[in-house]
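Undergrad: For the protein sequence lines, the chains are X, A, G and D, in the order given. Numbering of the first sequence is given in the working numbering, commencing with residue 3 and proceeding in unit increments. Numbering of the second sequence is given in the working numbering, commencing with residue 3 and proceeding in unit increments. Numbering of the third sequence is given in the working numbering, commencing with residue 3 and proceeding in unit increments. Numbering of the fourth sequence is given in the working numbering, commencing with residue 3 and proceeding in unit increments.
By construction, these hints were calculated from the structure, which means they are not laboratory data. Treat each hint with caution, since some may be false.
Repeated chains share a single entry, so a pair holds when one copy, or any two copies, can fit it.
Claimed, not checked - Only pairs whose alpha carbons sit at most 16 Å apart, straight line, appear in this in silico EDC-like list of lysine to aspartate or glutamate:
1. K125 to E164
2. K125 to D75
3. K125 to D76
4. K125 to D154
Since the model is a prediction, treat every value here as computed from it, not as a measurement.
Listed below, chain by chain, are the residues.
4 protein chains.
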Amino acid sequence: VTEPAARAPLVAVIGGGAGAAGEDVLAAAEAVGRGLAQAGAVLVTGGRGGVMEAACRGAASAGGVAVGLLPGDDVAEANRWVTIPLRTGLGEGRNVLVARAGDAVIAIGGEYGTLSELGFALKLGRPVIGLGTWGLVRPGGEADDRVFRASDPADAVARALELATAA
Amino acid sequence: VTEPAARAPLVAVIGGGAGAAGEDVLAAAEAVGRGLAQAGAVLVTGGRGGVMEAACRGAASAGGVAVGLLPGDDVAEANRWVTIPLRTGLGEGRNVLVARAGDAVIAIGGEYGTLSELGFALKLGRPVIGLGTWGLVRPGGEADDRVFRASDPADAVARALELATAA
Amino acid sequence: VTEPAARAPLVAVIGGGAGAAGEDVLAAAEAVGRGLAQAGAVLVTGGRGGVMEAACRGAASAGGVAVGLLPGDDVAEANRWVTIPLRTGLGEGRNVLVARAGDAVIAIGGEYGTLSELGFALKLGRPVIGLGTWGLVRPGGEADDRVFRASDPADAVARALELATAA
Amino acid sequence: VTEPAARAPLVAVIGGGAGAAGEDVLAAAEAVGRGLAQAGAVLVTGGRGGVMEAACRGAASAGGVAVGLLPGDDVAEANRWVTIPLRTGLGEGRNVLVARAGDAVIAIGGEYGTLSELGFALKLGRPVIGLGTWGLVRPGGEADDRVFRASDPADAVARALELATAA
Numbered sequence: 003v004t005e006p007a008a009r010a011p012l013v014a015v016i017g018g019g020a021g022a023a024g025e026d027v028l029a030a031a032e033a034v035g036r037g038l039a040q041a042g043a044v045l046v047t048g049g050r051g052g053v054m055e056a057a058c059r060g061a062a063s064a065g066g067v068a069v070g071l072l073p074g075d076d077v078a079e080a081n082r083w084v085t086i087p088l089r090t091g092l093g094e095g096r097n098v099l100v101a102r103a104g105d106a107v108i109a110i111g112g113e114y115g116t117l118s119e120l121g122f123a124l125k126l127g128r129p130v131i132g133l134g135t136w137g138l139v140r141p142g143g144e145a146d147d148r149v150f151r152a153s154d155p156a157d158a159v160a161r162a163l164e165l166a167t168a169a
Numbered sequence: 003v004t005e006p007a008a009r010a011p012l013v014a015v016i017g018g019g020a021g022a023a024g025e026d027v028l029a030a031a032e033a034v035g036r037g038l039a040q041a042g043a044v045l046v047t048g049g050r051g052g053v054m055e056a057a058c059r060g061a062a063s064a065g066g067v068a069v070g071l072l073p074g075d076d077v078a079e080a081n082r083w084v085t086i087p088l089r090t091g092l093g094e095g096r097n098v099l100v101a102r103a104g105d106a107v108i109a110i111g112g113e114y115g116t117l118s119e120l121g122f123a124l125k126l127g128r129p130v131i132g133l134g135t136w137g138l139v140r141p142g143g144e145a146d147d148r149v150f151r152a153s154d155p156a157d158a159v160a161r162a163l164e165l166a167t168a169a
Numbered sequence: 003v004t005e006p007a008a009r010a011p012l013v014a015v016i017g018g019g020a021g022a023a024g025e026d027v028l029a030a031a032e033a034v035g036r037g038l039a040q041a042g043a044v045l046v047t048g049g050r051g052g053v054m055e056a057a058c059r060g061a062a063s064a065g066g067v068a069v070g071l072l073p074g075d076d077v078a079e080a081n082r083w084v085t086i087p088l089r090t091g092l093g094e095g096r097n098v099l100v101a102r103a104g105d106a107v108i109a110i111g112g113e114y115g116t117l118s119e120l121g122f123a124l125k126l127g128r129p130v131i132g133l134g135t136w137g138l139v140r141p142g143g144e145a146d147d148r149v150f151r152a153s154d155p156a157d158a159v160a161r162a163l164e165l166a167t168a169a
Numbered sequence: 003v004t005e006p007a008a009r010a011p012l013v014a015v016i017g018g019g020a021g022a023a024g025e026d027v028l029a030a031a032e033a034v035g036r037g038l039a040q041a042g043a044v045l046v047t048g049g050r051g052g053v054m055e056a057a058c059r060g061a062a063s064a065g066g067v068a069v070g071l072l073p074g075d076d077v078a079e080a081n082r083w084v085t086i087p088l089r090t091g092l093g094e095g096r097n098v099l100v101a102r103a104g105d106a107v108i109a110i111g112g113e114y115g116t117l118s119e120l121g122f123a124l125k126l127g128r129p130v131i132g133l134g135t136w137g138l139v140r141p142g143g144e145a146d147d148r149v150f151r152a153s154d155p156a157d158a159v160a161r162a163l164e165l166a167t168a169a
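From just these sequences and the hints, can you work out the full model?
TA: Structure representation (structure tokens):
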């Protein structure tokens, strides 16, 4: 080997775990995972249930790579569609790794953990795409517009890939 | 020694670093730090400038203990009012330690880092008191009311101590 | 997709960074990386120079997957043979993630960072294979024998895969 | 307040948890904790049982401050002599915080976790004092002499304070 292959973009998908998301949110997450894999991106999630599992299942359906950054020390924590389960042992603190690992971050749904990851991604200057997620109001009362509000999963994927590449 | 002393409550104060906060925000942070120390609480912050430094200065003015969880590996990163500077080497990832360390968390001002810590504190179930900080709107459009909105520094301190003790 | 593919074993390779290792150590690391990839394992390293880079180059030469858990926030930190560069922002603290991520851990060479990761892997109960690495003497003076001492790179690879599967 | 007080030196004590250490090791840890507190140093440990608890009890007997960096999210994890219990949620990964927090590090006894922390402290360039702890043999067969081997608890304390101040 004399030259490495070009690196695939990394896109993080953040969202609530098992039981936290409704069917439409899960369907959106699966469509996002599929779209990312079809475009050749590597998916990064927290590796567990709910939005994370739906996104991984979508990626798997397109033959993609799905990295799961697990909270504990047991690969059995990973949902079955994770292709690379990485144990972190950091508990919920592994959320900041998920946000940081993405060249772009797609936030789906409205759990507090998602809010935390979304805030961390903004803090790091990552492009953040929201799909039915938190609205943010600055102390003075004006809406914060740093999160790109996607109209649907295809829009979220397109925007994430565009911004991940530009970053 | 046969019996240890009762443990002091730990209250985390989160807010923007140097340059990020206006004079009124810094004055509020200093008043919060002073009030916490006067009540015998241990202050926990990220140990650097801005809101963190103002809170530590307030704590010092009342002879209190101010723990600073520093991002890097150099105690010189700490503002001069930190009494116990703890190097974490976790960079911005140390923010989750600050939020987690508090029995209650007071969020002052409106930076993205503060948003992330606030979200993490909510995720962990910590009581969160806001003083001129982010408003949160759920995906469906309704305001989230888990953050207690304090009217002034004294109110923030009183509520933090009440909720820290109840936790 | 109705059934996910079987998961590939994850093997962590730990060892000194750029400038810390001699030519023979680097050649051993490259042979280990190649052998792991040929066997279908996913390589996990800290993603930077020296032993890490040599192992990744070896994996790349066999078309393998090389995860790099980077200390900072810039994918340019990764050596060019890393296929999945994951930014952690944890600095040297990311070493514990490398050790934890492996189903088995191969330690090559004798830096203090390697010692720390090796100790952490032992603490976690991971199988640890040593190739020209630290010897450990218990407080009472007897040698600790928990590290399997491999005779050469092929032996290290064979033993790592055997123990990773059994774990 | 116009000038902050001089900062107390921080000394980390690392060693095995409950059940891992014999009576003589625990007695040594208690003497070390007491000596550090008598000298005005702040003790930092992982906050749990065994060597950690013995050191904290020693510090408490001299009215000292004992910071405990806890693995989980519950202050009840702390031994009763910890005066400032800080929840990290990082599990065993919090060990690197303990090693990093010290201006000097005293390693007592011979568990794998202690080995990991000791290696990490050496990696960071911290002064490390050993009291009945691991011996380290370089790949080439020679003994590593970077750990100062203390003859007894008083010697360990004296050396730690001397090296912490010089650092």
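Undergrad: All hints are to be evaluated individually against the structure, with a verdict given for each.
TA: So, going through the hints one by one against the coordinates:
no.	hint	in the structure
1	K125 to E164	neither (20 Å within a copy, 31 Å between copies)
2	K125 to D75	between (28 Å within a copy, 12 Å between copies)
3	K125 to D76	between (30 Å within a copy, 15 Å between copies)
4	K125 to D154	neither (25 Å within a copy, 26 Å between copies)
Checked against the numbered hints above, the structure violates hints 1, 4; every other hint is satisfied.
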